[in-house]
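Please construct the entire structure, taking both the sequences and the accompanying hints into account.
Protein chains: 2
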Amino acid sequence: MSTPAPHPLDTVFAALADPTRRAILTMLLEDDMAVTDVAEPFAMSLAAISKHLAVLAEAGLITQEKRGRVKWCKLEPDALRAASVWMQGFGQFDPVDLDAFERFLETELGDGGVS
Amino acid sequence: MSTPAPHPLDTVFAALADPTRRAILTMLLEDDMAVTDVAEPFAMSLAAISKHLAVLAEAGLITQEKRGRVKWCKLEPDALRAASVWMQGFGQFDPVDLDAFERFLETELGDGGVS
DNA sequence: GCCATATTCAACCGAACGGTTGACGATCCA
DNA sequence: TGGATCGTCAACCGTTCGGTTGAATATGGC
Numbered sequence: 001m002s003t004p005a006p007h008p009l010d011t012v013f014a015a016l017a018d019p020t021r022r023a024i025l026t027m028l029l030e031d032d033m034a035v036t037d038v039a040e041p042f043a044m045s046l047a048a049i050s051k052h053l054a055v056l057a058e059a060g061l062i063t064q065e066k067r068g069r070v071k072w073c074k075l076e077p078d079a080l081r082a083a084s085v086w087m088q089g090f091g092q093f094d095p096v097d098l099d100a101f102e103r104f105l106e107t108e109l110g111d112g113g114v115s
Numbered sequence: 116m117s118t119p120a121p122h123p124l125d126t127v128f129a130a131l132a133d134p135t136r137r138a139i140l141t142m143l144l145e146d147d148m149a150v151t152d153v154a155e156p157f158a159m160s161l162a163a164i165s166k167h168l169a170v171l172a173e174a175g176l177i178t179q180e181k182r183g184r185v186k187w188c189k190l191e192p193d194a195l196r197a198a199s200v201w202m203q204g205f206g207q208f209d210p211v212d213l214d215a216f217e218r219f220l221e222t223e224l225g226d227g228g229v230s
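Order-wise, the sequence lines are chains L and P.
Taking this note's numbering, the leading residue of the first sequence gets 1, the next gets one more, and so forth.
Taking this note's numbering, the leading residue of the second sequence gets 116, the next gets one more, and so forth.
Don't read these hints as lab results, they were simulated from the structure.
A portion of the hints provided could be inaccurate.
As the list claims (entries may be wrong) - DMTMM-like, lysine to aspartate or glutamate: derived pairs with alpha carbons at most 20 Å apart:
(1) P:LYS166 with L:GLU58
(2) L:LYS51 with P:ASP125
(3) L:LYS51 with L:ASP37
(4) L:LYS71 with L:GLU58
(5) P:LYS189 with P:ASP133
(6) P:LYS181 with P:ASP133
As structure tokens, then:
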């Protein structure tokens, strides 16, 4: 307990700043996944993915539950609510339609996302 | 043109991950400000604030216009739209009421925000 | 008991971050 | 012209970040 505990928004936004982690969140949008399965599409070591998942868990964006020898990762969308509320103060965005979201997912995945 | 240009969301979220920069954005919500005036409430050097402003400008969250010898900083709320759209895909948040925003501004300012 | 599988730990590396200080180029004004 | 103000640049410093590798720690199946 030496470090003075950063603001929750710090860790949430920092977690979202990495494209690998955003890709992971997108994958978890489909379904819960084991760590190994999360790592499979990425061109980096399992340990690296494990660290990314730890960052996401630290930020509260996912939870991890160990069942047997596999650790399941589950998206925790409520953690985004605080960040979303903060951002929407700047300009009163329209409620978002899912078509726009689909388009952003495509640009995200088709551009340095999962390799 | 050596570095391969990161995804726009990378720079936006990274910019938002720092409490000083979020505090600056909150200040600019009130009005356009000169660099020196932005720096005034913070317990750090002018050069440091200048760097923070450069990061915000790089992310498109603000624009800077030099008029005479003072450089004016202006909030650019549209840059948050992409990030907001991305986030809202995770869980279909209700359109946010401003009361909630006020509450978050208070926790932000009253806790390691502006000194 | 043994081996394979799932995941993390520990040490290390280079690059980026957040801050400092001091010097510098512009610009206003008297 | 000269001095004060505004802001950035350049070099430096310590810490964090994103990745690697190799060893260690469960757990499950035969």
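For each hint, the structure was consulted:
no.: 1; hint: P:LYS166 with L:GLU58; verdict: 28 Å, violated
no.: 2; hint: L:LYS51 with P:ASP125; verdict: 18 Å, holds
no.: 3; hint: L:LYS51 with L:ASP37; verdict: 15 Å, holds
no.: 4; hint: L:LYS71 with L:GLU58; verdict: 16 Å, holds
no.: 5; hint: P:LYS189 with P:ASP133; verdict: 18 Å, holds
no.: 6; hint: P:LYS181 with P:ASP133; verdict: 25 Å, violated
Of the numbered hints listed earlier, those contradicted by the structure are 1 and 6.
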